[in-house]
Every structure is written in C-alpha cells, then in structure tokens.
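S.K.: My request is simple: use the sequences and hints to build the entire structure.
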Amino acid sequence: MSVVASVFILAGALLAALAGIGVLRFDTAYARFHAAGKASPVAFLLVAIGAAVELGWAGAALLAVASTALVLTLPVGVHLLFRAVHRTTTSDHLRVDDLAGPEQPSLDDQG
Amino acid sequence: MIAVVAVGAFVVAAVAGAVRLLRGPTLADRVAALDVVLISTMGAIAVDAAESGDTTNLQILVVIAIIGFTATVAASRFIEHEDRRP
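Chains A and B are the protein sequences, given in the same order.
Position 97 of the first sequence, counting from 1, maps to 113 under the working numbering, and the rest follow consecutively.
Position 51 of the second sequence, counting from 1, maps to 64 under the working numbering, and the rest follow consecutively.
Keep in mind the hints are simulated off the structure, nothing from the lab.
Quick caveat: nothing in here was measured; it's all calculated off a predicted structure.
Check the hints yourself; a few may be wrong.
[Claimed, not checked] Footprint (simulated), chain B over chain A, 3 or more residues, beta carbon under 8 Å:
no.	region
1	18 to 30
2	61 to 69
3	81 to 89
[What the hints assert, rightly or not] Where chain A lies over chain B, by a calculated footprint (3+ residues, C-beta under 8 Å):
no.	region
4	22 to 35
5	41 to 52
6	62 to 69
7	79 to 87
Just so it is clear, CB atoms sit at the ideal spot from N, CA and C, and this is done for glycine as well.
M.R.: Quick look at the structure:
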C-alpha cells in the first residue's frame with residue numbers, strides 16, 4: 017500500500033474509532049448523535065480517498081458513488097433522529113433550544 | 014500490517030456501537046448506534062478492497078449507504094409518532 021493511501025486510511029480508521037467511542041461514552045442523546053452523524057461520514061470519506069488512491073479509477077468511481085450517497089443521506093437521517101428525540105422527550109438540559117415554541121407542522125399534517 | 018491496524022480500529026468502533034445498541038436507553042440511540050456499526054462495516058470493506066486490489070466488493074458500499082438511510086428515516090418517523098398513534 018502506498019504511503020499516501022496508508023496515511024488517509026489510518027486517519028479515517030482512527031476517526032471511526034473515535035466516533036464509536038463517542039457514541040459509547042457521551043452522556044446525552046444529542047451528544048451521541050453528534051459523534052455518530054459528524055465523525056463517522058468524515059471517517060468513511062478519508063478511508064474512501066485512501067482506497068481510491070490505491071485502487072485507481074475503477075475503484076475510485078464506485079467509492080465516489082458510495083461517498084456521495086453517504087454524505088447526502090446521513091445528515092438528513094441524523095437530523096430526523098434529532099427531531100424525533102426533541103419532540104418525544106423534554107430538553108431541559110439544553111441552554112439554547114431553537115426548536116422550542118409552537119409545534120412545527122409534521123410531514124404527515126400537510127395536505 | 015496497515016490494513017490490519019485500520020480494520021482493528023473499525024472493529025473497535027463497531028463494538029462500541031454494538032454496546033450502545035444493546036444499552037439504549039432510547040430507541041433513537043439504538044438507531045444512531047446501528048448507523049455507526051454500518052459505517053464501520055463500510056470502512057472495513059473499503060480497506061479490504063484497497064488491500065486486495067479487488068473492486069468487486071465496493072458495490073456493497075453503495076447498497077449499505079442507501080439501505081442505512083432508508084432504515085434511519087423509517088425508524089425516526091416511527092419514534093416521532095409512537096406517542097400519538099391513531
């Protein structure tokens with residue numbers, strides 16, 4: 017494995033391990049979602065860059081499709097999880113709560 | 014050697030996610046933990062492809078990314094409407 021690919025893959029793997037430890041150790045659901053939704057896609061991006069350097073164009077194309085799918089979809093999914101937790105539990109430990117106030121219309125209520 | 018270290022780090026992440034998956038406490042925590050386990054699997058598959066030089070398994074990554082998103086959205090909608098189901 018080339019030096020550049022090794023550096024990217026090791027950095028990504030380390031970041032993935034940190035994301036896992038964050039999901040395990042943080043004490044509120046919001047903090048855990050931050051670890052799951054921000055660190056892990058970046059970790060996969062780093063590993064995909066390293067693997068693409070190693071594999072050439074054929075592998076890079078597939079890795080680009082996978083990375084794009086992940087980066088486009090994962091923030092949306094984690095945001096929906098945040099919203100679900102915010103709507104179903106009390107958020108007294110939050111110092112700033114921009115979602116507080118009148119209930120936002122849900123997707124089911126429109127139309 | 015580098016591939017072994019990298020896959021080991023992904024295994025650490027997946028095990029941490031699995032512990033959170035079993036512990037909870039809320040359903041949303043379990044869904045997020047499952048996301049972490051899935052992304053660790055994706056990373057390990059990418060490392061394996063880079064090590065062996067074989068691009069066959071990379072198509073699994075696309076499928077995992079899209080299926081994982083669908084599962085997260087379905088679960089979050091279920092969580093949101095758990096308390097006021099008709």
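S.K.: Evaluate each hint against the coordinates.
M.R.: Do the hints match the structure? See the list:
Beta-carbon proximity to chain B at under 8 Å applies to 7 residues in the region 18 to 30 of chain A; the threshold of 3 is reached and the given coverage holds. By the rule of at least three residues with a Cβ nearer than 8 Å to a Cβ of chain B, the coverage given for the region 61 to 69 of chain A holds, with 4 such residues. With 5 residues carrying a beta carbon less than 8 Å from a beta carbon of chain B, the region 81 to 89 of chain A meets the three-residue requirement, and the given coverage holds. Coverage of a stretch by a chain is defined here by at least three residues with a beta carbon nearer than 8 Å to that chain's beta carbons; for the region 22 to 35 of chain B and chain A the count is 10, and the condition holds.
For the region 41 to 52 of chain B, the stated coverage by chain A holds: 8 residues have a C-beta nearer than 8 Å to a C-beta of that chain, and at least 3 were required. Coverage of the region 62 to 69 of chain B by chain A holds. Counting CB-CB distances below 8 Å, 5 residues qualify, and the rule asks for three or more. For a cut-off of 8 Å, the count of residues in the region 79 to 87 of chain B with a CB near a CB of chain A stands at 5, and the three-residue condition holds.
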